Every structure is written in C-alpha cells, then in structure tokens.
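**Student:** Below, each chain spelled out in residue letters.
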Amino acid sequence: MSAQETNGTLQLPKMQSETPDYNDAYDAIVVGAGLAGTAAALTMAREGLDVLMLERGPAPGTKNVFGGVLYTPTIRELVDVDSAPTERYIAEKRFSMLTSDGDETAVSMRPGAWRDEPHNDSYTVLRRRFDEWFAKQAVDAGVTLITETTVTGLVRDGRKIVGVETDRPDGEIRAPVVVLAEGANSLVSENEGLKDRQEREAVAVSVKEVFKLDRETIDDRFRLDGDAGAAYNYFGEGAVGEAVGGGFVYTNKRSVSVGVAYRIEDAANGQTPEATLDAFESHPAVAPLIRGGRRIEYSAHVIPEGGAKAMPDLVHDGAVVVGDAAGLVLNSGVHLEGTNMAVESGYHAGKAIASALADGRSDEAALAAYPRDLEDSFVVENLRHYDWFQQTIADDRKFLFEDLPRALADAETEYFKMDRTAKDEHTDAARDRLLDAAGGWFGAAKRAWRFRRMLS
Amino acid sequence: MSTAQPHVPDVSIEDRLYTVKYRDAGESHLGVKDPDICVECTSNECTQVCPAAVWTVEDDSDGVPSIAYENCLECGTCRFGCPHDNVRWEYPKTGGGVVFKQG
Chain A
1 MSAQETNGTL QLPKMQSETP DYNDAYDAIV VGAGLAGTAA ALTMAREGLD
51 VLMLERGPAP GTKNVFGGVL YTPTIRELVD VDSAPTERYI AEKRFSMLTS
101 DGDETAVSMR PGAWRDEPHN DSYTVLRRRF DEWFAKQAVD AGVTLITETT
151 VTGLVRDGRK IVGVETDRPD GEIRAPVVVL AEGANSLVSE NEGLKDRQER
201 EAVAVSVKEV FKLDRETIDD RFRLDGDAGA AYNYFGEGAV GEAVGGGFVY
251 TNKRSVSVGV AYRIEDAANG QTPEATLDAF ESHPAVAPLI RGGRRIEYSA
301 HVIPEGGAKA MPDLVHDGAV VVGDAAGLVL NSGVHLEGTN MAVESGYHAG
351 KAIASALADG RSDEAALAAY PRDLEDSFVV ENLRHYDWFQ QTIADDRKFL
401 FEDLPRALAD AETEYFKMDR TAKDEHTDAA RDRLLDAAGG WFGAAKRAWR
451 FRRMLS
Chain B
1 MSTAQPHVPD VSIEDRLYTV KYRDAGESHL GVKDPDICVE CTSNECTQVC
51 PAAVWTVEDD SDGVPSIAYE NCLECGTCRF GCPHDNVRWE YPKTGGGVVF
101 KQG
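These protein sequences, in sequence, are chains A and B.
Note that my numbering numbers the first sequence so that position 217 is 217, with each residue one more than the last.
Note that my numbering numbers the second sequence so that position 17 is 17, with each residue one more than the last.
If we strip away everything but chain A, and leave its shape as in the complex, we get:
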C-alpha cells in the first residue's frame, strides 16, 4: 500500500502510458474497502482480474464500525486468519435480561469446544486494525487500492453501468464491472436507483464506546485467560429502555466494547442514543464491568435490519451490490451477524464476475450466478428463516422486554426466598408470577408457538 495511495490525484502505478488514464485499465472497480468490498476484490484478484478498490477514508477501516464479533469461516478460505489482528476468541456467550429496576437474569455458555482452535470461527476485532489488514491482503494479491477517494455516482452507457464518478479532478473511471460495497449508507446505489432508502422501522442506530482496561483486569472481571474472550448480549428495558433492540459488552485484548442498538423509529420517538447508552452503562449489571475504564472512542452507525424482504436487486448490467449495501444483516435475537455475510457476498460476487468476464460479458444475466449462489448460501437462507423475527418481537415488545424480565426476577426472588414458609408455597407463587406475566397456560402456549421458529 504505497505508491497507489500517495497524493491528491489519481495515479496508476502499473500503467505504462505517459498520461495516467484509468479508463478500462481495470476489469472491475470496487466501491468501498470494507469487508464485503475487500472480499470481492481479493476473490477477483485471485481469479487473475485487475481490480481497483476505492476507499473514501484515509485508510480502510477508518469509516467502519460494528459491535465487535467477527465470524471467520469464509475469511478463513481467503486469507490466513491466524495472522490477522484479532482481539480475543469467543470463549463465552452470555444472554442477559435486564429490568430498569436493576434486576438481571442471565444464561451463560462456555462449551469446552470453543477453547479449541479454530474457536468456532468467532473473534472480537476492532475494525480499524482488521479492515486495514484485510485490505492489505488484497493489495498483496494484486489489487490496487486508492484511499481518500469518494465515489459520487455511476457512469452509464444506456442502461449499462460502465464505471464510476469520483470526487477527484477528472474523476471518471470506467471498467466493465462495478462492485457496490458502500456499506449501510449506500448513497451511490440509492441515488442511482439501484435500491430504495429503507424506512426507519427497518434500520437500527447503534452507539458504542470502547473502554481501555488492563488485560489482567479484563481477564479477572470476565473470568478469562490467554486469548479467551466474552460476548455478552443484553435485552430488556434495562438494556434499551422502551425501544426494540439490545445492548452488548465484548472483550478486546486491552479494551472493552460497550454499546446499544435499537430501531431508529424508537430514537425518533424520543429515546435518544446518548441517554440510552448512559442508562445501559449505568445499569448495576453492566457498570462494574467497565468501572475505571478510560473512554478511548465513541462511535455510531446505522444497521440495516430489514431482513430478506428488504434486500434490493443484487445484480445489474455492469454492477453488483454486496454487504451492508445489500442489507445483509441477521438479527435473530441470539444471532447477530453481518460481517460474515458481507464477506460471503463479496466472495460470491467476485467469483461470478470472474466467470462472466471470462466469457467477455458483464450484463445482468451473465452476473446472475452471484445472486443465485448467495441464495443457496447460509446468507439468504438465514435471512429468510428469521424474516419473521423483527416484526414479531416488535409486536410483543412489552411482554418480552418489560414484563418477562421483571416476572423472571420476581419469580427468582420468590423461588429462592429464605423464610419459614415451606418451599412448596414459594414454588407455587413463583410459577403463578410467571404464568401471570405470560397470560396463563394458554398465553404461555400461544407465545411458545409464536417463537417456536427460534428452535426449528
């Protein structure tokens, strides 16, 4: 990453021509050096294509934010993950319900298998370091990376997309295929009519802070050793107030990432991101985890949570859409995924482009292997399977996020109550409290049926 990302004008290190001219010097232009874009660029370079990757930030990762856990099965196929700047492997997943009164009910999982390599392909990472490293692997494979260059539009020849406009002087660059990997704020795709702006019910806002703590403090607080790490996810009124969403605490090597994510609809209705984060960080179940930590970065980002039904057309004449720009994010309550889906989409897009260009084509039909392969992959499979989830929890928000966590706390208090009453009576009272919250046996059965697909 040296010659190609020097000063303000576009320069082409590989060109023999006197006049720098990018037009049709490359087989494909990738818009955005995040995980989807880099996966696409890397895949294409390995297939022997000349690839230009444009990044608007001063380096890959400088504009990118996510919660913190990267799932690496596909990345492992592309690069040597063991040399990647990961933070900690996930040794523990913990799901916790918080009330606004300070109660917590949690389930913690530490299967021994996660301690063994490759650690279920689950690692905390910080995007600045990871994305920069990942993009470097693409550059090492022959991709030309140009930073500080913003794509502002597409160049068309009739219906066909034949290149990009950038904010550089004479910034038009032509190539047979454009990969739109712009992320959740997909301005080019939207302005060019390749997708619609999502409604705010289908988009979440996430705010996050990274707290610096000693490695030993983190190890002790979270009961970890070596490279082991923890992923704590929180639900309920104590996590995100009256919004639909959740909170998280993830351990990095020497820092802890803490944040909340919930529907923009709820923020617009008065629950501001800052106040929500404040309440979460000060919850008695969370505050001790970050006590004494120094804030080293505040960040925020939108998350497309529209699911399969919000996916735009992935392929056009001369262009494909990948990653967050294509809305590839899964939130099933217990599965919170996106970066792995971004990489998978970039990989399939890269393969499809290479195969189309080998036939001298880049039209929509020739690129159709990309959406077809993505449909057959875990990405769309999972999105479709959980498409019901977001609306169902939104419809049942009060029960799930307020009544249930409180009823559980009350039932726990009752069940384990120490007095001179027989345990039978406490058991009955605890059961009644839970049944009351669930709407009796009938209500409980109805809800179990509604959420049966969590397990099917």
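Any given hint might turn out to be false.
To be verified - Here are the computed distance ranges between Cβ atoms for each label pair:
| id | chain 1 | residue 1 | chain 2 | residue 2 | range |
| --- | --- | --- | --- | --- | --- |
| 1 | A | Ala358 | B | Glu40 | 52 to 58 Å |
| 2 | B | Ile13 | A | Thr427 | 44 to 50 Å |
| 3 | A | Lys309 | B | Glu70 | 36 to 42 Å |
| 4 | B | His84 | A | Asp396 | 26 to 32 Å |
| 5 | B | Ile13 | A | Asn269 | 19 to 25 Å |
| 6 | A | Gly226 | B | Ile13 | 35 to 41 Å |
| 7 | A | Ala429 | B | Glu40 | 53 to 59 Å |
| 8 | B | Asp36 | A | Asn191 | 21 to 27 Å |
| 9 | B | Lys21 | A | Glu216 | 24 to 30 Å |
| 10 | A | Lys423 | B | Lys21 | 56 to 62 Å |
| 11 | B | Val39 | A | Lys212 | 41 to 47 Å |
Please keep in mind that the hints were generated in silico from the structure rather than gathered at the bench.
Source: prediction; values computed, not measured.
C-beta: ideal position from N, C-alpha, C; glycine also.
Once you have looked at the hints, place chain B on chain A.
**Tutor:** Frame of chain A, contents of chain B only:
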C-alpha cells in the same frame, strides 16, 4: 426488585466526541433539502436521533436546524430518522470527516 442505585455516568457528549478523531473536510457534507419543510416541522426528529449532537433547532429560530457537521460520526441515522426524507447527506470529500481509530 433491587433498590440499588446505579451510578450515573458523569459524561457529556463533548467528553464522548473528544475521543473521536476527525479530519475537517472544510465544508459541510450535511444539509437540508428544503428549508420550508423544516419550518413546518414541529417534531424535530433529527435532533432526537443523532448520537453526536449535530442537529440543533434553536428556540428563537425559524425551525431550520443548525448543523454542527464537524461532530458528525457519519452513522447515517439522521438520513433515516427524518420522517420527511429532508436530510441532504453526502460523503465528506477526499478523505475528510471522521477517522475511527478503533471501530
């Protein structure tokens, strides 16, 4: 139920934004598409949803928000949050704007 009083974090938005590194692009990448819509708007959702205090509607103003674009985390929340789709949102030019060190 617990009566434990959670500690309230003694942190302001200024403290939080102080941790963020920026490169000033020199001009705002944010704006409103049609100021008349802001004049009519009474809900000011832009001011609610933004995590970085970019959007402010002053009491004595005509209702058009003032925009502290230098604070912008480029999260995009205002773009979706405005019910009138009245936010003009562009990427800051030539590498300007937020530069995350952690992400």
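**Student:** Would you mind marking each hint as holding or not holding in the structure?
**Tutor:** Verification of the hints:
Roughly 56 Å separates the CB atoms of Ala358 of chain A and Glu40 of chain B, a value that falls within the hinted 52 to 58 Å. At roughly 48 Å, the beta-carbon separation of Ile13 of chain B and Thr427 of chain A lies within the given 44 to 50 Å, and the hint holds. The given range of 36 to 42 Å is respected by Lys309 of chain A and Glu70 of chain B, whose C-beta atoms sit roughly 38 Å from each other. In this structure the supplied range 26 to 32 Å holds for His84 of chain B paired with Asp396 of chain A, their Cβ-Cβ distance being about 30 Å.
For Ile13 of chain B and Asn269 of chain A, the hinted distance range of 19 to 25 Å is satisfied, since their beta carbons lie about 20 Å from each other. Between Gly226 of chain A and Ile13 of chain B the beta carbons are some 37 Å apart, a value that agrees with the proposed interval 35 to 41 Å. A C-beta distance of roughly 55 Å is found between Ala429 of chain A and Glu40 of chain B, which places it inside the suggested range of 53 to 59 Å. Separation of Asp36 of chain B from Asn191 of chain A is about 22 Å and conforms to the stated range, judged on CB atoms against 21 to 27 Å.
Distance hint check: the CB atoms of Lys21 of chain B and Glu216 of chain A are about 28 Å apart, consistent with the given range 24 to 30 Å. For the pair Lys423 of chain A and Lys21 of chain B, the supplied restraint of 56 to 62 Å holds, since their beta-carbon distance comes to about 58 Å. In this structure, Val39 of chain B and Lys212 of chain A meet the distance hint of 41 to 47 Å, their C-beta atoms being roughly 45 Å apart.
Going down the numbered hints, you'll see the structure goes against none, and every one checks out.
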